[in-house]
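Chemist: Single-letter residue listing:
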Amino acid sequence: MIYLDNGATTQVATEVVKEMDEVMLNDYGNPSSLHSLGRKAKELIEEVREKIAKEINATADEIIFTSGGSEANNLALNVLESGDHLITTKIEHHSIEVTLKELEKKGIEVSQLNVDAEGVIDLEELKKSFKQNTKLVSVIHGNNEIGTLQDLIKIGEVCSEKKVMLHSDCVQSFKKEKIDVVKANLSMLSLSAHKIHGPKGVGALYVNKNIKIKPLIFGGAQENKKRAGTENVPGIIGLGKAVELDLELDKVKELRDYFIKKVESEMEEVKLNGSRSNRLCNNANFSFKYVEGESLLMSLDLEGIAVSTGSACSSRSLKPSHVLMALGMGAEQAHGSIRFTFSKFNTKEEVDKTVDVLKKIVERLRKISPLRKK
Amino acid sequence: MNYTNKVIERFKSPKHMGELKEANGKGKVGNPVCGDVMEVAIKVENNIIVDAKVKTFGCVAAISTSDVVCELAIGKTIGDAEQITKADVVSKLEDLPPEKIHCSLLGLDALKKAISAYKEKH
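Read top to bottom, the protein sequences are chains A and B. Per our numbering, the first sequence starts with residue 1, numbered consecutively. Per our numbering, the second sequence starts with residue 1, numbered consecutively.
It should be emphasised that the hints constitute simulated quantities derived from the structure, not laboratory data. C-beta atoms are modelled at their ideal positions from N, C-alpha and C, and glycine is treated no differently. Mixed in with the good hints there might be a few duds.
[What the hints assert, rightly or not] Simulated coverage check for chain B against chain A, where a stretch passes if three residues somewhere in it have a Cβ under 8 Å from a Cβ of chain A:
id: 1; stretch: 13–27
id: 2; stretch: 33–41
[Stated by the list, open to error] In silico DSBU-like cross-links for lysine-lysine, where the CA-CA straight-line distance does not exceed 30 Å:
id: 3; chain 1: A; residue 1: Lys271; chain 2: B; residue 2: Lys28
id: 4; chain 1: A; residue 1: Lys367; chain 2: B; residue 2: Lys119
id: 5; chain 1: A; residue 1: Lys373; chain 2: B; residue 2: Lys43
id: 6; chain 1: A; residue 1: Lys373; chain 2: B; residue 2: Lys113
[Unchecked claim] Restraint ranges, calculated between C-beta atoms of paired labels, are given here:
id: 7; chain 1: B; residue 1: Ile8; chain 2: A; residue 2: Lys131; range: 50 to 58 Å
id: 8; chain 1: A; residue 1: Asp180; chain 2: B; residue 2: Asn31; range: 23 to 31 Å
id: 9; chain 1: B; residue 1: Gly18; chain 2: A; residue 2: Gly328; range: 28 to 36 Å
id: 10; chain 1: B; residue 1: Glu9; chain 2: A; residue 2: Asp356; range: 20 to 28 Å
id: 11; chain 1: B; residue 1: Lys76; chain 2: A; residue 2: Glu303; range: 30 to 38 Å
id: 12; chain 1: A; residue 1: Ala228; chain 2: B; residue 2: Glu9; range: 45 to 53 Å
id: 13; chain 1: B; residue 1: Lys76; chain 2: A; residue 2: Val17; range: 57 to 65 Å
id: 14; chain 1: B; residue 1: Lys21; chain 2: A; residue 2: Thr14; range: 55 to 63 Å
id: 15; chain 1: B; residue 1: Asn31; chain 2: A; residue 2: Glu50; range: 51 to 59 Å
id: 16; chain 1: B; residue 1: Pro98; chain 2: A; residue 2: Phe345; range: 34 to 42 Å
id: 17; chain 1: A; residue 1: Gly328; chain 2: B; residue 2: Pro97; range: 28 to 36 Å
Assemble the whole structure, with the sequences as input and the hints as a guide.
Modeler: This is the structure in structure tokens:
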């Protein structure tokens, strides 16, 4: 299998598995227990908290472990109350996008910023969107579909001027981009383990210590009373190990760039979606004219190549991805988009093979497409 | 998406995809906004559909069902072809994921449009 869906999830690194194995077999205590086995588990997770805080220039007491990026995003938005105003974007991950509807039901006002053709928000529009009751700005850092990066430093400056909190969904960008919560004036930040060769089901929310956050899950006093429930000790340990590991970003970017160059030079009527330079180093998103995304994805899968699509036909709705539509592209192009996301485990040979297979499949599907005029 | 082997097989090697040069009836349905466009072409001789071909832009289900629609139509009188149902298409492929059933309707709509186009001219 040639795995080019690292934006969905990554292969767990052997080092991570070993460490988690060790913890499950030996350090199985409950971190809330007072005996030595419990204290050991507590110690282990506190080490990880410290490590994550250091990675983003926060302090350990500002890190809340969660079940992943979606919970972290939901928890961040939970600072809002009826009558508050939230500014966010039209290209958020579903864990924000879908939550907005719930917030509106609770009487929270929501504004969604437009993006340009590359997927970047307009700072002037942001500045104009503030109201008396604006409490939070939430902006995805590296977009999960098209990989476009927002300028968190500049957004942070605007928010700090307006004295409004800034949250960023950094699930895709964590460890791929340098993020400093102090420099970017970030009040909250979401991250996840499984995008960086860690395990699924664990992530974290950084919350600036001056901010009062309401829990989503009530019960025990874990996570400084911000998130009840026995900590996912092996998961947290896995996250800690993953943070330590080298993502080999130079190699990843080189492979990605090689792929883009090859597709653009060897194939016709293709379009790179998103920004050419201002994007996550592991992401390439292409539209192949006259071809629908799901049939392309399935054809690649039959050849042992795993990718993903923002096409509606892969889901229950008839509308293509809200992210691709927000870029202003036509529905036809959006339906034909495929996301290729790379990791350090990919090779140049895999890229060569993928482009060869891709050429054949796209040609086959174009031959049977009524949209291509001869 | 959980497709049956029959769907995948049909998607990989469709039998009736492409142009039909001697077509005397054509029907096009769908639009790119919804992600499905199908164009069915039929050749009718003595009231019988002797050949049918389709060109499809769409998902795996759209491609495989529209191909099956052509197969079911070939050899039938235009009256019988008009009686082909969604169930006939789905059973030929064993099954379809529930959210993909609408794809089989599109192929039939295209076939019916092609038949109407033929009738208008003849």
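Chemist: Are the hints correct? Go through all of them and say.
Modeler: Status of the hints after comparison with the structure:
1. 13–27: holds (count 3)
2. 33–41: holds (count 7)
3. A/Lys271 <-> B/Lys28: holds, 27 Å
4. A/Lys367 <-> B/Lys119: holds, 29 Å
5. A/Lys373 <-> B/Lys43: holds, 22 Å
6. A/Lys373 <-> B/Lys113: Since the Cα atoms of A/Lys373 and B/Lys113 sit roughly 21 Å apart, the hinted pair holds (cutoff 30 Å).
7. B/Ile8 <-> A/Lys131: 50 to 58 Å: Holds: the Cβ-Cβ distance is about 52 Å, inside 50 to 58 Å.
8. A/Asp180 <-> B/Asn31: 23 to 31 Å: violated, 47 Å
9. B/Gly18 <-> A/Gly328: 28 to 36 Å: Hint holds: Cβ distance 34 Å, inside 28 to 36 Å.
10. B/Glu9 <-> A/Asp356: 20 to 28 Å: holds, 23 Å
11. B/Lys76 <-> A/Glu303: 30 to 38 Å: Cβ of B/Lys76 to Cβ of A/Glu303: about 36 Å, so the range 30 to 38 Å holds.
12. A/Ala228 <-> B/Glu9: 45 to 53 Å: Holds: the Cβ-Cβ distance is about 50 Å, inside 45 to 53 Å.
13. B/Lys76 <-> A/Val17: 57 to 65 Å: The hinted range 57 to 65 Å holds for B/Lys76 and A/Val17, with Cβ atoms some 58 Å apart.
14. B/Lys21 <-> A/Thr14: 55 to 63 Å: Roughly 58 Å apart at Cβ, these two residues keep to the hinted range, so it holds.
15. B/Asn31 <-> A/Glu50: 51 to 59 Å: Holds, since B/Asn31 and A/Glu50 (Cβ atoms, about 55 Å apart) stay within the stated range.
16. B/Pro98 <-> A/Phe345: 34 to 42 Å: At roughly 36 Å between Cβ atoms, A/Phe345 and B/Pro98 fall inside 34 to 42 Å, so the hint holds.
17. A/Gly328 <-> B/Pro97: 28 to 36 Å: holds, 31 Å
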